[in-house]
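Engineer: Given next are the chains, with one letter for each unit.
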Amino acid sequence: MVDEVRAGASGEAENTPTEPPRAGIAIHGGGAGDRIYSVVITVFALAVPALLLLIFAVVTNAAWPALKTFGFGFLTSSDWDPVNDVYGAAPALYGTLVSSFLALIIATPLALGVAIFLSEFAPPWLRRPVAFLVDLLAAIPSVVYGLWGIFVLIPILRSYVMPFLRDTLHLGATPFFSGPAYGPSMLAAGVILAIMILPYISAVSREVLMAVPRSQREAALALGATRWEMLWGAAIPFARSGIAGGVILGLGRALGETMAVTMVIGNRQEIAASLLAPGYTMASLIANQFTEATSDLNLSALMAVGFVLFVVTLIVNAGARWLVWRTSREAGI
Amino acid sequence: MRRTIWAATGLLFVACSGGGDQQSGQAAGAPAQAAATSGAVDLTGAGATFPAPIYKKWFLDYAGTTGVKINYQPIGSGGGIRQLTEGTVDFGASDAPMSDAEMAAAKGKVLHFPTVIGAVAVTYNLPGEQQSLKFTPDVLADIFLGKITKWNDARITALNPDAKLPDTDILVVHRSDGSGTTFIFTDYLSSVSDAWKNGPGKGKDVQWPVGLGGKGNEGVTGQVKQTPGAIGYVELAYANENHLPVAELKNQSGNWVKPSLEGATACAAGVAQNLAADTDFRVSIVNAPGADVYPISSFTWLLVYQNMDSADKAKKLVDFITWALHDGETEVASLDYAPLPPNMVDLEMKQLQQVTYPGKM
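If you read the sequences in order, they're chains Z and C.
The opening position of the first sequence corresponds to residue 1 in the working numbering, with each subsequent residue numbered one higher.
The opening position of the second sequence corresponds to residue 1001 in the working numbering, with each subsequent residue numbered one higher.
Rather than coming from a laboratory, the hints here were simulated on the basis of the structure.
Nothing here was measured: the structure is a model prediction, and the numbers come from that model.
Note that the Cβ used here is the ideal one computed from N, Cα and C, for glycine as well.
Be careful, since some hints might not be right.
Restraint-style ranges between C-beta atoms, simulated for each label pair [said to hold, decoys possible]: (1) Ala1154(C) <-> Asn84(Z): 27 to 35 Å; (2) Ala1104(C) <-> Leu133(Z): 31 to 39 Å; (3) Pro1209(C) <-> Val152(Z): 27 to 35 Å.
Cut-off 30 Å, straight-line C-alpha distance, at most; resulting in silico cross-link-like pairs (DSSO-like, lysine-lysine) [claimed, not checked]: (4) Lys1069(C) <-> Lys68(Z); (5) Lys68(Z) <-> Lys1197(C); (6) Lys1258(C) <-> Lys1134(C); (7) Lys1316(C) <-> Lys1056(C); (8) Lys1316(C) <-> Lys1147(C); (9) Lys1109(C) <-> Lys1069(C).
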């Protein structure tokens, strides 16, 4: 994915039809070493898609009994009752999508701001340490985020942010911020996820912004553009598909995040419109229940949740890729 | 060249984003670890996490006195039963007895040996309230059913006339992960409330009518401690270590009891005297009769095949269980587990004689 981002950013690879020189194949009589090398890297390259297909096959196979039993209802039912062996993944599916998109809504502007500041405005002595610290966010284990969420974020949300949103801003009149504020909630999960995916989006955006050719900026400035106009008229459109790639990377991370979300989302099998209400995600459902799932159908239902998560991730990624491809084509670069 | 570097970066990103799967990786890694070390140990087992601390201590002490090494992987009761069924471990351990379907799926007859007794305490967070709250079984069930929603509900104030109960919502906190603790608690609620029995029922995880889920005892504790008006349930050992306020419950004899090790042992003793001589020990002891009984108590079991293929392993396992039921029981209280009553030990020793292996007379 990063490869693609880079390609989109430099704006060359996708437009120039010339193939890169293919050393291992094009040069004949290159000796046994070259041939071995080409075989080895081909095997390596094929191993990854093969692994993906294998995982898909195993998950599908294990999920089959549950998918066969519950059919399409698995996606629409809110029941999760191990006592009576009835399962439905609707709340978890809903929670995964909502918490991830909430995270994107919060993280994208922040990350873009960080990236633009670091690539355009920050003095060189500040750029490196700030970039390093932002990247460091990606290195914190998710369980630490979860603990921080329980002990710091949730009390703040419960005491200040939620009452502010609900009562002071009167958003409680809308269904999205109504109801009691216990703390663990979809909102808490969204905020934790936003912090976790921020470094991915900002790192990629920063790199692609820095990769915008100097001539592009100079041309804009030469036409009399202010710094602001240069940024929005010349630099960001050029980096657009790369930034979108960074956002996709963040989204992929948010969809699959498990530990931190489990610790702050409240783990309730219910679809609630309010962001202040607890919810569930597919990844946390699997993590919570897998160790103690005893009945065959229960295990299969958890694998089916994994299958749905797999498919959702594929769809979201494919959709986002298509979006990137379309915008970059429309932009004509 | 540039492409290669970026591809490598991509791999790094993938590696980083895999961090969230540590949990599942751990669970999957555990059996592999057990298999890898089995060359050096005499017996391997897997299962419940709740009794894992006392089992660890037992195995360590037993290895010290007899030299027999036992490897135990606390992967969860469900995992323990699965591994025993597949025959990848010599014994399993579970917080809930095996169901008839699970017994049928196993490779042979499985014997259940209760080892220690665990109790589950009801804990709550009411700021300013110092004395222990009292609940009758039906009030407790109705709180967890969502029928009683306010702390100053008439049925709660009637039981606690001296307490200052606020006009706030009750927030129920339960376990989000499947657990033996939930099994014991829902087993109790099912035994005292028909509405619970016919509704959510009993299991390691149930469909909770109300409330939030916290992961693990620590998740529930954290949630209750932080939220004024919350009520939840945790293992007694966990409540003691963290000095959580615990509720007094009314037992079958009509006495108010605080959770205690003695109360849990009394609960088992009350059941044991009525057990048939040929019992398979797959019994629930919640809500047992007796004056001092703390009603939310349960056995945790070791699971052993009646017919074992290896005489060597079978003898070692029988010797260990004999040791555990006698010498081992004396040290369980130090880790906040309740010891078995003496009449249980006698019954189990009889069942232990049923274990057969090649060459046994």
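Engineer: If a hint holds in the structure, say so; if it does not, say that too.
Structural biologist: Consistency of the hints with the structure:
1. Ala1154(C) <-> Asn84(Z): 27 to 35 Å: holds (33 Å)
2. Ala1104(C) <-> Leu133(Z): 31 to 39 Å: violated (58 Å)
3. Pro1209(C) <-> Val152(Z): 27 to 35 Å: holds (31 Å)
4. Lys1069(C) <-> Lys68(Z): violated (45 Å)
5. Lys68(Z) <-> Lys1197(C): holds (29 Å)
6. Lys1258(C) <-> Lys1134(C): Holds: Lys1258(C) and Lys1134(C) sit about 9 Å apart, inside 30 Å.
7. Lys1316(C) <-> Lys1056(C): Holds, because 17 Å separates the two Cα atoms, which is no more than 30 Å.
8. Lys1316(C) <-> Lys1147(C): Outside the cut-off at roughly 52 Å; violated.
9. Lys1109(C) <-> Lys1069(C): holds (25 Å)
Figure legend: structure checked against the earlier numbered hints; hints not met, in rising order: 2, 4 and 8.
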